[in-house]
Amino acid sequence: MSFLTPLFLLGGLAIALPVLFHLSRRATRKRTAFSSLMFLTPTAPRLKRRSRLEQWLLLILRCLALALLALGFARPFMKDGSPMVPLSERPRQVVLLLDTSASMRREGAWTNALTKADDIIRSLRPIDRFAVMCFGRETRTVLEFSEWDGTPPEARATLARARLASLAPTWEGTLLGQALVAAADAFSDGDREGQDSASKEIVLVSDLQTGSRLESLQAYEWPKDVRLNVAGVAPVRAGNAGVQWLAGTGGNAADGKESVRIRVSNTIGATNEQFSLTWKRGEVAAGEPVSIQVPPGQSRVVTMDAPRDAPGVDRIELTGDGVPFDNTVYVAPPEKQRLSVVYFGADNPSDATQPLFFLKHALESSPRVDVKLFRPQGGEGGLSAALASVKVGFLTGATPGIARPLRAWIESGATLFAVPSSASEADALARAVADVEINATDIRPTAGGYAMWGEIDFKHPLFSPFADPRYSDFTKIHVWRYRRLDAARFDGARILARFDSGDPAVMETSLGKGRVVWLATGWQPIDSQLAVSSKFVPLVWSVLDYANVTQAEIIHYFVGDSLPLPVSTNPLTVLGPDGGAHSPVAGATQSFATLFPGIYRVIADGAESRFMVNLDPAESRTEPLTMDDLEQLGVPAQSAAESRSTSGEEKRQASLLAVENEGRQKLWRWFIVATLAVLLSETILAARAGRRMRAQADAQEATP
Amino acid sequence: MHAPVSAARSSADQQATPNRGMTGRVDAQALMRIRSLELRARIVVEGYLSGLHRSPYHGFSVEFTEYRPYTQGDDPRYLDWKVLARSDRTYIKKFEDETNLRCHLVIDRSRSMEFGTVGYSKSDYAITLAATLAHFLAHQGDAVGLVSFDETVRDYLPARSRPGHLRQILLALERPTGGRSTDLVAPLERLARLVKKRGLLVLVSDFLAPLERLEPSLAMLAAAGHETAVFQVLDPAEISLDLPSSAMFEDMESARTLHADPEAARKAYVERFSAHASALQSVCARLGISFSRILTSEPLDLALLEFLQRRKRTTRVRRLGEGAA
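Top line first, the protein sequences correspond to chains A and B.
Our numbering numbers the first residue of the first sequence as 113 and each following residue consecutively.
Our numbering numbers the first residue of the second sequence as 164 and each following residue consecutively.
Heads up, a few of these hints could be off.
Claimed, not checked - Derived coverage of chain B by chain A (criterion: at least 3 residues anywhere in the stretch with Cβ under 8 Å from a Cβ of chain A; other residues may be distant):
{"#": "1", "region": "286–293"}
{"#": "2", "region": "378–391"}
{"#": "3", "region": "428–434"}
To be verified - Short derived list, chain B residues pointing at chain A, Cβ under 10 Å:
{"#": "4", "residue": "Asp-190"}
{"#": "5", "residue": "Gln-192"}
{"#": "6", "residue": "Ala-193"}
{"#": "7", "residue": "Met-195"}
{"#": "8", "residue": "Tyr-241"}
{"#": "9", "residue": "Ser-275"}
{"#": "10", "residue": "Glu-375"}
{"#": "11", "residue": "Arg-456"}
{"#": "12", "residue": "Leu-458"}
Just so you know, the hints here were simulated from the structure itself, not pulled from any lab data.
Being a predicted model, the structure only gives us computed values, none of them experimental.
For glycine and all other residues, C-beta sits at the position ideal for the given N, C-alpha and C.
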């Protein structure tokens, strides 16, 4: 018989208590009051042998009850006959899970990891199976069980070492939870016949940084037969400071400065707390460094103004930290965009009754955008040259003599926002750009004195910024007069908005690669209230966006994120931070996976989008996780040192077996039942003895 | 000057009136079963009187005249002119003013007095004795007072002889006390201050206290000119340590405990006890104090008789002594 919790047997020592009580019970139980003790000398109590002998049965019963109770608590069990196969002789299935996240770039971490991996490969025997997986944000299988099985035993180690040699730390974050789940699942995928008795073991070679994400384990039930051995990899330096891009504050209109908010965090246990931040263009510093003090375990947010005299700065570097992998944050302050907009019209820009006056104010330059609104000069030849680099134009007046170059310009892909000021001008423009007679008529609404915007197609890019119900009310804009345009005359005209009378208010017609957006009424006060409404400026900029001349916002991504590519029929070019150009197949690939931190440029249809791709800030949290963190998520982790001791493992197995046997046999119940039975008989005996003693005492008193 | 018998005898008490034995003594056990203290006292006194068939009036205060030859220097006022006229001899008539005795009964009510193995405690016996004496004295017309004490004076009733005073004394005796230890020093000092006028002090106690503490107190009383009579009331078991089995003994006064086997401890106990008793007796003899030891198992009227006879002797001795002086 063995015991699961033999320490409880010490409780058997309590047997001494009833023995003591039985011995000392005779000491004195009766007190007699006496008038004065001044003449009395104390005498030692005399023990009567008779009384001890009388209750030996009770004593035995009491001792027995305690002994049985102690035995019951010690959880006894009988060992069954099945011999345990020593762990060292059983085949092993090992998945080596290698961390290749960016934090493994720390000095010494990767070489240490490779050494540990090599140790594991060396410990494998021909009966063992082996697989290698590496993980950052993604978990990749480097060597599968099937490949291992398919390779002759003598070549297996070489194969595994060759696969390991092909690996290197990436710039990705660490999704440790996902990787562990994948590794645990690899056993079920790689199971084969005759491997039931094999022990399943995941060896995690990782720096176990706190920034590892373990959420995936929360919803995962860890298989009972899979053990996780953690081979922690310690880098040379313990502390680490990192930078994180928080937000670009946008241009400051007053001084035109671009600023960026940066968080600098320092890990607990770091030795340094004095750092400086410097703007850089490539590897060249630009501007003065900014000093910052971040005590260990804390973080600070700094607003960095982009140096005005150094255009093209693209990163901020942290100096003062000995662990450089996360000391650079790539920032692309948006460069000032130059927009050229051509205006066809003869009106005076300073006349507040004319359209140009309002358009000029709507297209004011901003710190981000420099708008150049110009009227084409010169004859036809000069016009063509002037329009060559312009993609968008507004037309409010007659077009005598420029019909041909205008049409050619539109057909080349430009967008013209045409606002004819009269029916005759509308007819002339229609003739010039589309060869159609539209027979436009001037309308002055009589009912109520004005027309209103009615149906608007908010799905169209021109009006999509107004789609929100908060901005979609155009009814406050009264239209005093407009031109009735016959959409049916145009081939493929699309009506984007109508007046309440049903006449088209905004209409789009295509011409070659370009398009003409017709506005049936002017925005100047003589035609409508459009120019003085809140819709005017957004509408004008919406036209520019529709013409695809404005630049997209800079969007922030982490390494491993996929960049969304614009939908385009033309070939795209993605310029990575390494300088290499990639050309994903147009249409087929809608995203582009990033592998390095830096600024990515996507060039499509001549327009360039820039993407900031930085390191996952969680990688900067390099304090090591503890085994408890994994245990809390239900993963029975043990450190490599623990797992190495085979005797310890066998002991664990034996104790598991003992627990199982004990749980099945449940002998303790019988011991408790026996204890209760003994206690019951003790109670009965004690009651009898008590009665007898009382009777004797009474008899003694009766016979003085 | 009879004290009025105010309490009517209850029928139970009538039935419980103890029979007198052949000797005419009242059995103490039977007597103590009577609940009424007054009745107990009366039974003893009447039994004593009827058993004696002698004049009741020969108590303390009965005048006793004597003649002695006139010697030079005596006050001629006290010459008995009748005797001179009859026999022509000059005799001085001793002062024969009839004075009433002032007697204070001093009763120990400490906790050690609660001990008893004969069915009642020493305290019961002591207060019955006190009541008997009070009854007897009141019956004779003497002034009786009461002082009960434990470690201090609990009750003090000055000696008076007016009707109803006996009743008060009996009530005070019947009142239960929560006394603790015996300390004769403080109560007797207090008593000496309270009782200025010389008279008879009857001290009833077990005197189970160190003698070196008792002696000064008794000496003080004697020195104050009081005629003092001491009754040491003891339980028979206290003398012989006649207890059944070994036990943890607890001191009733100090709550001190010790284990003793009576059989083993008896010899030493008896020796020490009798040494104490004889020392007390000799102290009393030295101080001129009348000492009587009464066991609670003894008949009470015997104690009364013994006391009166002894007193008669001592009074005579004293008077003779005074006369000689």
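Do the hints match the structure? See the list:
Chain A is given as covering the region 286–293 of chain B, and this is violated because 0 residues of the stretch bring a CB closer than 8 Å to a CB of that chain, at least three being needed. Beta-carbon proximity to chain A at under 8 Å applies to 0 residues in the region 378–391 of chain B; the threshold of 3 is not reached and the given coverage is violated. Check on the region 428–434 of chain B: 3 of its residues sit with their Cβ under 8 Å from a Cβ of chain A, so the three-residue criterion for coverage holds. With a least beta-carbon distance of about 20 Å to chain A, the hint placing B:Asp-190 at the interface is violated under the 10 Å criterion.
Interface restraint check: B:Gln-192 against chain A, minimum CB-CB distance 15 Å, threshold 10 Å, status violated. Hint on B:Ala-193 is violated. Least Cβ distance to chain A is approximately 20 Å, over the 10 Å limit. For B:Met-195, the shortest C-beta to C-beta distance to chain A is roughly 18 Å, which exceeds 10 Å, and the interface hint is violated. With a least beta-carbon distance of about 52 Å to chain A, the hint placing B:Tyr-241 at the interface is violated under the 10 Å criterion.
At its closest, the beta carbon of B:Ser-275 sits 4 Å from a beta carbon of chain A; the interface hint therefore holds under the 10 Å criterion. The beta carbon of B:Glu-375 comes no nearer than 12 Å to any beta carbon in chain A, farther than 10 Å, and the hint placing it at the interface is violated. For B:Arg-456, the interface hint is violated, the least distance from its beta-carbon to any beta-carbon of chain A being 15 Å, above 10 Å. Hint status for B:Leu-458 relative to chain A: violated, with the closest Cβ pair at about 13 Å, above 10 Å.
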